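J.: Chain order of the listed sequences is E and L.
For the first sequence, counting from 1, position 84 maps to 84 in the numbering used here; every step adds exactly one.
For the second sequence, counting from 1, position 275 maps to 1275 in the numbering used here; every step adds exactly one.
No lab work stands behind these hints, which were simulated from the structure alone.
Model, not experiment: these values are computed from the prediction.
Check each hint, because a few of them may be wrong.
20 Å max Cα-Cα, derived DMTMM-like pairs, lysine to aspartate or glutamate [to be verified]:
id, chain 1, residue 1, chain 2, residue 2
1, L, K1276, L, E1347
2, L, K1073, E, D494
3, L, K1289, L, E1204
4, E, K470, E, D413
5, L, K1025, E, E502
6, L, K1319, L, E1287
7, L, K1028, E, E473
8, L, K1025, E, E150
9, L, K1072, E, D494
10, L, K1072, E, E473
11, E, K309, E, E277
12, L, K1028, E, E482
Some chain L residues flagged as far from chain E (calculated, every beta-carbon gap over 12 Å) [what the hints assert, rightly or not]:
id, residue
13, L1016
14, R1052
15, A1066
16, K1073
17, Q1076
18, R1116
19, A1167
20, E1179
21, F1180
22, K1276
23, Y1288
24, P1291
25, P1294
26, D1299
27, S1337
Reference listing, derived: stretches of chain L covered by chain E, where coverage requires no fewer than 3 residues with Cβ under 8 Å from a Cβ of chain E [as the list claims (entries may be wrong)]:
id, stretch
28, 1020-1029
29, 1078-1086
Think of the CB as a built atom: it goes at the ideal place given N, C-alpha and C, for glycine as much as any other residue.
Below are the chains, spelled out letter by letter.
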Amino acid sequence: MVLAKDIFKEFREHSVSEFFRKNASMLGYTGKIRSLTTVVHEGVTNAIDAAEDAGILPSVYVAIRSMGEGSNSDHYKVIIEDNASGIPDEYVSRVFGRMLAGTKLHRNVQNRGQQGIGISGGVMFAQATSGQPTVVISSTEDSDEISYNEVMIDLNNNKGEISESRKMEGDWRGTRIEFEVKDVTYRRSRYGPYNYLRMTAIANPHVQITFEEPDGSLTFFERATQEIPENPEPVPPHPAGIKADGLLDLSERTRSRSIGTFLVNDLSRFSRNKLEELEERVDVDLDRSPEELNWDIAEEIVSAFREMKFMAPPTKGLRPIGSENIERGLEQILDPDFACAVTRSPEVYRGGIPFIVETGLAYGGNAGDSSGSGDTGLEIIRFANRAPLIFNQGGCALTSAAQDIDWKRYEVDPESTPVTLLINIVSYHVPYTSAGKQSVAEEPEVYEEVRQAIMEATRKLRRYLRKKIKKRERQKRANLFENYLPIIAKKAADLLEEEPPEIDDLVRKIAGVENGGEK
Amino acid sequence: MAERSEDPRKDAMEELKNFGRDILKNIKDKEPPRMKIPSRSTSNIVYDEDKRFYSLAGKKTTRTAANMRQVKKFAQTLCAADFCKDLIEAGKSATLREMYYTSEGWPTGGFSSQDRSDRVVEDIESAFELKREDLGLLPEEDGASIFGDLIVREGDMEVEATEAGRAGYTIPPTMSDVEFVECGAERVLAVETMGMYHRLVQEEAWDTYNSLIVALKGQPARATRRFLKRANNDLGLPVYLFTDGDPFGFHIAMVVISGSAKLAYINHELAVPDAKFIGVTASDIEEYKLPTDPLRDSDIKRLKQLLDDPRYSDEEWQKEIEKMLKIKKKAEQQAFSKYGLEYVVEEYLPTKLGLN
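Use the sequences and the hints to build the structure in full.
T.: Written out as structure tokens, the structure is:
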């Protein structure tokens, strides 16, 4: 006879995996390689954010270890360790066990952790595939103890459960997470964790990453700058970009007493003058309480906004990587012969959403080779708010803008020239094509801006390449004469059975003349 | 150009040394080494009406070591010159193919194809008016077969052209080294095919007509042409050319008489302008009622070209070509066997040679 509690236990486990199956693609857990990359992404994002929040230069250790062989070879342990300020015990179950906990959904702010549902997604993926809890080892600044906790998610209650907890002695600060996952594959492909970390290191030159692959090999992505980026600032929504539901949502959290003051206080670039202008355009009493704002009123206000003119939204909240730091990142990680970068001025799409596009180009060294295979060409690496976009490359405006460039005009053969092109779009609201958040929609302003940014960087690369080509040709010419003129002298002398004459001066003279006077 | 002596190899050596001397002078004067080479492009090849053969007009190109596209070839030219000097000194010969392979070991590196190494040899030949044989370089193919009253010396070997077997004395590629010792023949009778050669040898035509029978074996090799030239020049023998009655036969005869455009730079050593064509003509086809083949389209096209070719401008050629185009027929030299194997020797040739 089957006991009821066993049936329910099974039911609960089913529901966890079912939740995943249903939402897998939206959450980034789809496919054996991508799922592993997503787990690494969630852990690393968490680690970097934690360190930045604490004002600490992030050092992240990532290890992927094989747990099974043969038919079980899709079983791995993923370890992510940071040097941030640690997590007090009482927050562990909340941070790791609760879906959507601590996200920045309600802030109009540029953020890195835009993929999936955060670190708890990793916990749930581990639980759903291997049935094992996630190990969280953490210690805070002022503690001489290290906490060891095993976390599982009680999905019914959307709550973390600590299944085991103990203390260890030790003088260490940071957080170490160990996920045990199945149904994943480790591969050093463009889509795998290696390339994800490499891209992260390039776009976050203040971060140091140590990576241990399943075969035990270690890669150090060294830090290229000691500057911790400033935290992005929340910026109120701009009237031109807001929609009715957004306005309603905003009104629920306002402290203003009238709709009018709510608009002035909680929107950017909405002045008293604009309020007067709005009053003439709508048939709504703006002195009423924001609580009385309903869909119809919100819609009327928003459509009035569409006919009004506003100053462009403030861009002080946007935090580009900065061209210097992009160059540093490219130089550090790719060791190229040449690197350049462009950070464009802020622009606006859909009339009110500000964004900044940055591009970087690296040539030579390890550029153009995403998997370390030595097979080079034009490699496009995409980022949104510094976070790598690895998947859905095809349907992305960043990719199509790059592919629409006539590269040959810039001395680049996309099939063979070792070039890495970095594109980073910075915005509070990146126009993703889908919930998977791996590709940017073809907003005309975004596409055009990306195109301009690529061309600006590419022109710099072209200058370098043309110089290089010229120099190479000059060198080739000089080599030609240095090689053959002495042979001519020697053979001419041989015909007469004499000693070969002195020819160095003549070689210099001829090689010089051929070089248009340059010696 | 240095004075020419009796010994072409010694002359060649002197020219090579002069070449080296010129280059060393350039270097001493701090000038880029350079050499002048007669242009062998078609625009510089002319039919010389006086000499009656193709030769090069005066245009020369200057190869300079200060040009990045020429410096390697320049160095290879000197390597080739030095290679030839060593051959001459050692009294040896090498084929063009052997030189091509040897060039792999030169400090300049080798050539990408034998074509290119052959062209460097042609450069040296034309720049210094030397023959490759004199430089110790041989073409691959042997020359023709000779049967008749002739004794030659090759080194310390004397050969009688009637004692070298039925296939006769074979002209070596090193024709320059062959010395004529004694000749009792009164003329040279050169035939297109080995088949006709054997017929004439068997019928003892060499003896009957006191001729050197020479088999051209199709388009004659350089050595064969050089032999005909020397037999005509040095031995004073008239040369008769007996070929098939078709455009290719005419061409074979004309290459002997006027030289080819490709070897225009050396034709003064090869062409035999006084050689006489006694091959099958359209008139012969009619007169002897020879078995024929119809002209092919390509034959007709070729014949029409010959009508405009300055080498065929004399009245006799014009008449015969026109006639062949009219009857649209061609015949091989062996077609005379219709009347018996001996017929060609007993009837046709004496008539053509004016001995009847």
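J.: Next step is simple, just say for each hint if it's right about the structure.
T.: Outcome of the hint check:
Proximity of L/K1276 to L/E1347 is assessed by CA-CA distance (about 18 Å); at most 20 Å being required, the pair is judged to hold. The hinted pair formed by L/K1073 and E/D494 meets the criterion: a straight-line CA distance of about 18 Å does not exceed 20 Å. At most 20 Å may separate the alpha-carbon atoms for a hinted pair to count; L/K1289 and L/E1204 exceed this at roughly 26 Å. Annotation: proposed proximity of E/K470 to E/D413 holds, straight-line Cα distance about 17 Å (limit 20 Å).
Only pairs whose Cα atoms come within 20 Å are accepted, and L/K1025 paired with E/E502 is accepted, the gap being roughly 12 Å. For the given pair, L/K1319 sits about 15 Å from L/E1287 by alpha-carbon distance, which is consistent with the 20 Å threshold. A threshold of 20 Å between alpha carbons decides the hint, and for L/K1028 with E/E473 the separation of about 28 Å lies outside it, so the pair is violated. Restraint check: the Cα-Cα separation between L/K1025 and E/E150 comes to about 91 Å, which exceeds 20 Å; the hinted pair is violated.
For the proposed pair L/K1072 and E/D494, the alpha carbon gap of about 18 Å is at most 20 Å, so the pair holds. Only pairs whose Cα atoms come within 20 Å are accepted, and L/K1072 paired with E/E473 is accepted, the gap being roughly 16 Å. Between E/K309 and E/E277 the CA atoms are separated by roughly 10 Å; this keeps the pair inside 20 Å, and the hint holds. About 17 Å separates the Cα atoms of L/K1028 and E/E482, which keeps this hinted pair within 20 Å; it holds.
Under the 12 Å C-beta cut-off, the non-interface status given to L/L1016 relative to chain E is violated; the minimum distance is some 5 Å. Every CB of chain E lies more than 12 Å from the CB of L/R1052, the least distance being 37 Å, so the non-interface label holds. Listed as outside the interface, L/A1066 is inconsistent with that label: its C-beta sits roughly 5 Å from the nearest C-beta of chain E, within the 12 Å cut-off. A beta-carbon of chain E comes within 12 Å of the beta-carbon of L/K1073; the shortest separation is about 9 Å.
A cut-off of 12 Å between C-beta atoms contradicts the statement that L/Q1076 is not in contact with chain E; the least separation is 9 Å. Here L/R1116 stays apart from chain E, with its beta-carbon at least about 15 Å from theirs, past the 12 Å limit. No beta-carbon of chain E is positioned within 12 Å of the beta-carbon of L/A1167; the least distance is around 41 Å. With a minimum CB-CB distance of about 28 Å to chain E, L/E1179 clears the 12 Å threshold, and the non-interface call stands.
Look at L/F1180: its CB is around 32 Å from the nearest CB on chain E, clear of 12 Å, so calling it non-interface holds up. Its beta-carbon lying about 44 Å from the closest one in chain E, L/K1276 satisfies the requirement of being farther than 12 Å from that chain. Separation of L/Y1288 from chain E is adequate, the least Cβ-Cβ distance of about 59 Å exceeding the 12 Å criterion. With a cut of 12 Å on Cβ distances, L/P1291 stays outside the contact zone with chain E, its closest approach being about 59 Å.
The claim that L/P1294 is not at the interface with chain E holds, since no C-beta of that chain comes within 12 Å of its own (minimum 57 Å). Every CB of chain E lies more than 12 Å from the CB of L/D1299, the least distance being 50 Å, so the non-interface label holds. Every Cβ of chain E is farther than 12 Å from the Cβ of L/S1337; the closest lies at roughly 57 Å, confirming the non-interface assignment. A stretch counts as covered by a chain when three or more of its residues have a beta carbon under 8 Å from one of that chain; for the stretch 1020-1029 of chain L and chain E the count is 6, and the coverage holds.
Residues of the stretch 1078-1086 of chain L lying with their CB closer than 8 Å to a CB of chain E number 5, which satisfies the three-residue condition for coverage.
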